[in-house]
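Below, each chain spelled out in residue letters.
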Amino acid sequence: MTTRTRLLITALAAVLLAVFAVGYTALSTSKQPDAITSSTVSGPRLMVLGNGRLSTVPRSDPSGPREVTEQRCDRAYTAAGTTSCLRPVGAFKAGELAVLDSGLREVRTVPLTGFPNRTRVSPSGRMVAWTLFVDGHSYAANGFSTSTGILDTKADTLVTSLEEFTATVDGEVVTAVDRNFWGVTFTADDNRFYATMSTGTHRYLMEGDFADRTLRSIADNVECPSLSPDGKRIAYKAAVNRDPQQGWRLSTMDLGTRVITPLAETRSVDDQPTWLDQDTIGYGMQRSDGLNDVWAVPADGTGTPAVLVPEANSPAPIG
Amino acid sequence: MSRRRAPLAVLAIGVVTAATLTVIASSGQVPAATAATTTFTASADTYVDNSATGTNYGTSGQLGVDNSPIKRMFLKFTVSGVSGTVSGVKLRVHTDDVSGAASPAGGSFRAMTDTTWSETGVTWNNQPAIDGVTLGTLGSVVRNTWYEVDVTSHVKANGTFSFGVTSSNSDGSDYDSRETGATAPQLVVTTGTTPTTTTTPPSGDPVLVGAGDISNSGSGDSATAALLDNIPGTVFTTGDNVYNDGTAAEFANYYNPTWGRHKARTRPSPGNHDYHTSGATGYYDYFGSLAGPSGQGYYSYDLGNWHIVSLNSNISMAAGSAQEQWLRADLAASGKPCTAAYWHHPLFTSGANHAPSTSTRPLFQALYDNNADVVLFGHNHHYERFAPQNPSGGLDTTRGIRTFVAGMGGASHYSFGTIRANSEVRNSDTYGVLKLTLHSNSFDWQFVPEAGKTFTDSGTTACH
Numbered sequence: 001m002t003t004r005t006r007l008l009i010t011a012l013a014a015v016l017l018a019v020f021a022v023g024y025t026a027l028s029t030s031k032q033p034d035a036i037t038s039s040t041v042s043g044p045r046l047m048v049l050g051n052g053r054l055s056t057v058p059r060s061d062p063s064g065p066r067e068v069t070e071q072r073c074d075r076a077y078t079a080a081g082t083t084s085c086l087r088p089v090g091a092f093k094a095g096e097l098a099v100l101d102s103g104l105r106e107v108r109t110v111p112l113t114g115f116p117n118r119t120r121v122s123p124s125g126r127m128v129a130w131t132l133f134v135d136g137h138s139y140a141a142n143g144f145s146t147s148t149g150i151l152d153t154k155a156d157t158l159v160t161s162l163e164e165f166t167a168t169v170d171g172e173v174v175t176a177v178d179r180n181f182w183g184v185t186f187t188a189d190d191n192r193f194y195a196t197m198s199t200g201t202h203r204y205l206m207e208g209d210f211a212d213r214t215l216r217s218i219a220d221n222v223e224c225p226s227l228s229p230d231g232k233r234i235a236y237k238a239a240v241n242r243d244p245q246q247g248w249r250l251s252t253m254d255l256g257t258r259v260i261t262p263l264a265e266t267r268s269v270d271d272q273p274t275w276l277d278q279d280t281i282g283y284g285m286q287r288s289d290g291l292n293d294v295w296a297v298p299a300d301g302t303g304t305p306a307v308l309v310p311e312a313n314s315p316a317p318i319g
Numbered sequence: 320m321s322r323r324r325a326p327l328a329v330l331a332i333g334v335v336t337a338a339t340l341t342v343i344a345s346s347g348q349v350p351a352a353t354a355a356t357t358t359f360t361a362s363a364d365t366y367v368d369n370s371a372t373g374t375n376y377g378t379s380g381q382l383g384v385d386n387s388p389i390k391r392m393f394l395k396f397t398v399s400g401v402s403g404t405v406s407g408v409k410l411r412v413h414t415d416d417v418s419g420a421a422s423p424a425g426g427s428f429r430a431m432t433d434t435t436w437s438e439t440g441v442t443w444n445n446q447p448a449i450d451g452v453t454l455g456t457l458g459s460v461v462r463n464t465w466y467e468v469d470v471t472s473h474v475k476a477n478g479t480f481s482f483g484v485t486s487s488n489s490d491g492s493d494y495d496s497r498e499t500g501a502t503a504p505q506l507v508v509t510t511g512t513t514p515t516t517t518t519t520p521p522s523g524d525p526v527l528v529g530a531g532d533i534s535n536s537g538s539g540d541s542a543t544a545a546l547l548d549n550i551p552g553t554v555f556t557t558g559d560n561v562y563n564d565g566t567a568a569e570f571a572n573y574y575n576p577t578w579g580r581h582k583a584r585t586r587p588s589p590g591n592h593d594y595h596t597s598g599a600t601g602y603y604d605y606f607g608s609l610a611g612p613s614g615q616g617y618y619s620y621d622l623g624n625w626h627i628v629s630l631n632s633n634i635s636m637a638a639g640s641a642q643e644q645w646l647r648a649d650l651a652a653s654g655k656p657c658t659a660a661y662w663h664h665p666l667f668t669s670g671a672n673h674a675p676s677t678s679t680r681p682l683f684q685a686l687y688d689n690n691a692d693v694v695l696f697g698h699n700h701h702y703e704r705f706a707p708q709n710p711s712g713g714l715d716t717t718r719g720i721r722t723f724v725a726g727m728g729g730a731s732h733y734s735f736g737t738i739r740a741n742s743e744v745r746n747s748d749t750y751g752v753l754k755l756t757l758h759s760n761s762f763d764w765q766f767v768p769e770a771g772k773t774f775t776d777s778g779t780t781a782c783h
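As you go down the protein sequences, you meet chains A and B in turn. Each step along the first sequence adds one to the number in my numbering, with nothing skipped, and position 279 is 279. So my numbering is basically just the index in the second sequence, starting at one, shifted up by 319.
If you are wondering where the hints come from, they were derived from the structure by calculation, not from laboratory data. If you're wondering where the values come from, they're calculated on a predicted model, not measured in any experiment. Worth double-checking, as some hints may not be accurate.
[What the hints assert, rightly or not] Covered stretches of chain B (chain A as the covering partner; in silico rule of three or more C-beta atoms under 8 Å from a C-beta of chain A):
(1) 469-483
(2) 546-558
(3) 662-673
[Said to hold, decoys possible] Listed next, the in silico SDA-like pairs over lysine to any residue satisfying Cα-Cα at most 20 Å (straight line):
(4) B:K772 <-> A:R287
(5) B:K409 <-> B:Q505
(6) B:K409 <-> B:G523
(7) B:K772 <-> B:S541
(8) B:K582 <-> B:D548
(9) B:K772 <-> A:D289
(10) B:K655 <-> B:A781
(11) B:K772 <-> B:G400
(12) B:K772 <-> A:E207
(13) B:K772 <-> A:S288
(14) B:K475 <-> B:K772
(15) B:K655 <-> B:G623
Idealized CB from N, CA, C, for every residue including glycine.
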C-alpha cells in the first residue's frame, strides 16, 4: 500500500465518520435544550461537596453542569431541608458545625475542635451528628482519637461527646479510656441511632438511644454504618481481615438476619457510605492528586462500581 | 449549541482524530524531529456564563467563549520535565464539531496570575481574575478545526500556567474541553534541546535534596534512600526522621541502614515523632553537630548564593521567642540573595490528617519580612506544592514564598482533605525526594519518584 493510498483511505474513513457524526449530532442536539437554559438544577438531585463547596447536581445527569453555592464545608449531609456542614478550620478560626435550612441559611452553629470527618442528618432533618478527628490523628496514624456528638435541633439538646452515654458490650458496661465513637446514622424515629465504638482491637456496631443516653453493641467489625431508607440494612466499611491497616471492604448487613454482603467495590473505601436509593450505595474515593469522585455500586453485591459525580464527595440524595 | 451527551463526545473524538491526522499527513507538516517538542494537555478547563451565575461546567465536553451571554473560558496546564531553553510555546484549541461552534471571533487569550482555581468549582460568581496581558486573539473560527496562539511570553519554564479567554463578539465560539480526549486543549512546548528526565543537574549549582517522614520498619525509606544514592548535594530532612518514637534504636535500625548512608551530607530538622523521646535525644545524639547546637534544633548554613535555615517546630515559635529572635537576627546577617528554610509542621497544607500549624506563622513572617524564597515542610505524609503566598495564605507573586509539603520520605501515605487555596500540585501514592537546584538567582524544583513510579513535578521560581 502506498502512502498516498493510505492517506486516501484515512481521508475517506474520516469523511464517512464525519457524515455519520454530523447527522447524529444534528439529530440529537435538536432534541436537547441548550446548556444555558437547562443550567438550573431541578428535580431529584444530589447534594455534594465540590472541593469543599456545597453543590447540587441532577440525578438525571450527575456528571453534567452543577450548581455551586458559596457555602464551604469539609464534610456535609442533607435530609429533609436540613444541611449539616462541618466548616473547615480557617487560618485564624477553629472549626464548627453549621446547621443550614433549606435555603442554606445558617440557623445554628456549634463550635468544634478537630478535623471534620463524618456528619449525618436524621431522615426528618431534626437530628444532626458529627465526627471529628482530635489532635489531627486519623485511622492512618498510630493511635488516634475521635470526637462524636449529636444535636437535637428541635429540643436544642447538645451532646458534645457520645462518651457521656453509658455503653455496654454484650451487656457489660465499658468505661475504657480508649473508647472512640464515629460514624453516626439515625433511624426514622429521631431517637435511635447506630454508630461505631472502638475499644482495644474491636470496632463495634452500637445501637444508641438518645433519650436514654445509652449504647449497646450488636455486632463487631462495623465502621461508619449508614442505615437504608427502609431501616432494615446498614451499609458500612468492614476492616479487611478485621485489620484496618489492610483497608476496608464496603459491605451491607441485614440487621434482622445479620447476613453480610460484601459489595462489588474491591478497592479500600474509607468513607461513611450513603444510600442514594434503596438499591444503590454512594461513596467517595480519592485520587492520588487529592481530588475525590463520588462512586456508586449496587447494594446487593452485584454489578460494577462506577463514577457517579466526578470531582465531588459527601453525597446526599435530596428532592 | 451544546453537546453534552457522552455518546456524541465519543463519536466526535474518532472523527476529529482521523481528520486531523489526515490533514497533517497530506500537507506534509509532520515535524522532521519531534524530540524537542513536548505536548501537554490541559490539567483543568472550564467556562463560566453570566446567564447561569452559580453553575459550574467543569465536567462538560465543551468550552464556550461569548459576549452575549458573556462566557469566559479558563485553561490550566502543568508543564513538567522540560529541560533546556524554551524556544516557543503554542496553545492549541480545537473548535467543537457543531455548527454553532463557528464564530467571526475566536476570542482573546490572556495570561492569568491565579493558577489554583478548581475545574469543578469555578462559576461566574467566583471566577478567578483574568489579569494578565493579551497573548493572542483569534479571528474567525470554523467548526472542527485546531487553532493556535503563541504563548511563549507567558510559559518560559516548567510550572503551572493559567489562561483566560474572553470575547467581545455576541456570536460566540465553542471549543472542545479536555473531557473529549483527543481534541483537548494542548500546550506544545518546543525547547532548544531534547527533553530529558535525567536527575543530574545540567549546571554545577548546589543541590538541596530530601524529604520528611522517613524511616520505619517498612521499605519506603529504602526506596527513597536509593534515590539519594544517585543525587549529589546536601540532604535535608523535614522531620519525623524515624518512627514511631525517635529512639536511638530506631535511628540505628531504620534510619542508619537507609538514609544514614548519606548522613555526612545531611542537615536534618526534627519532627514530633523525634520528640516522642524526651528532648529528642535520639535525634540529637544520632546527628550530632549536623543538627546544629544539641537540643536547640535550629541552625543555618550557606550553599552557593543561598542561605539555608533549618528550624524546630516542636518548641516555641512565638514572636519574641528565642527561636524567632534568632531567626530574625540570622536572616538580617545573611547577605545572600536567596533564602530557603525547612521545618516539620506545615503552615500550608491540604492534608486530611494534620491541619495547618498556625503556631509556625511567626517563623514564616520573619522569613517573609526578610524576602525568603522557599520553605519546605513535612508532617502530612504526601507531596504538595503551593504557589508563592504571604503569611496569611494569600497569593503573592511579588514577595510570596513558595512552599512544599515534602512528607513523602517513606513512612506511609496520608490522604488529602479539602484542597486549600493556592495548592498547585499534589500526590499521595508515590514516595520520593524533592530536589532543589539552587541557581544564583532562582531555583529549580523536581519531585524525583521512587523506582517504578511515574509521578513527577518540576518548575522554576526566581529569587526575590
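Okay, the hints, checked on the actual structure:
| no. | hint | verdict |
| --- | --- | --- |
| 1 | 469-483 | violated (count 0) |
| 2 | 546-558 | violated (count 0) |
| 3 | 662-673 | holds (count 4) |
| 4 | B:K772 <-> A:R287 | 15 Å, holds |
| 5 | B:K409 <-> B:Q505 | 8 Å, holds |
| 6 | B:K409 <-> B:G523 | 31 Å, violated |
| 7 | B:K772 <-> B:S541 | 14 Å, holds |
| 8 | B:K582 <-> B:D548 | 12 Å, holds |
| 9 | B:K772 <-> A:D289 | 14 Å, holds |
| 10 | B:K655 <-> B:A781 | 14 Å, holds |
| 11 | B:K772 <-> B:G400 | 15 Å, holds |
| 12 | B:K772 <-> A:E207 | 45 Å, violated |
| 13 | B:K772 <-> A:S288 | 12 Å, holds |
| 14 | B:K475 <-> B:K772 | 27 Å, violated |
| 15 | B:K655 <-> B:G623 | 9 Å, holds |
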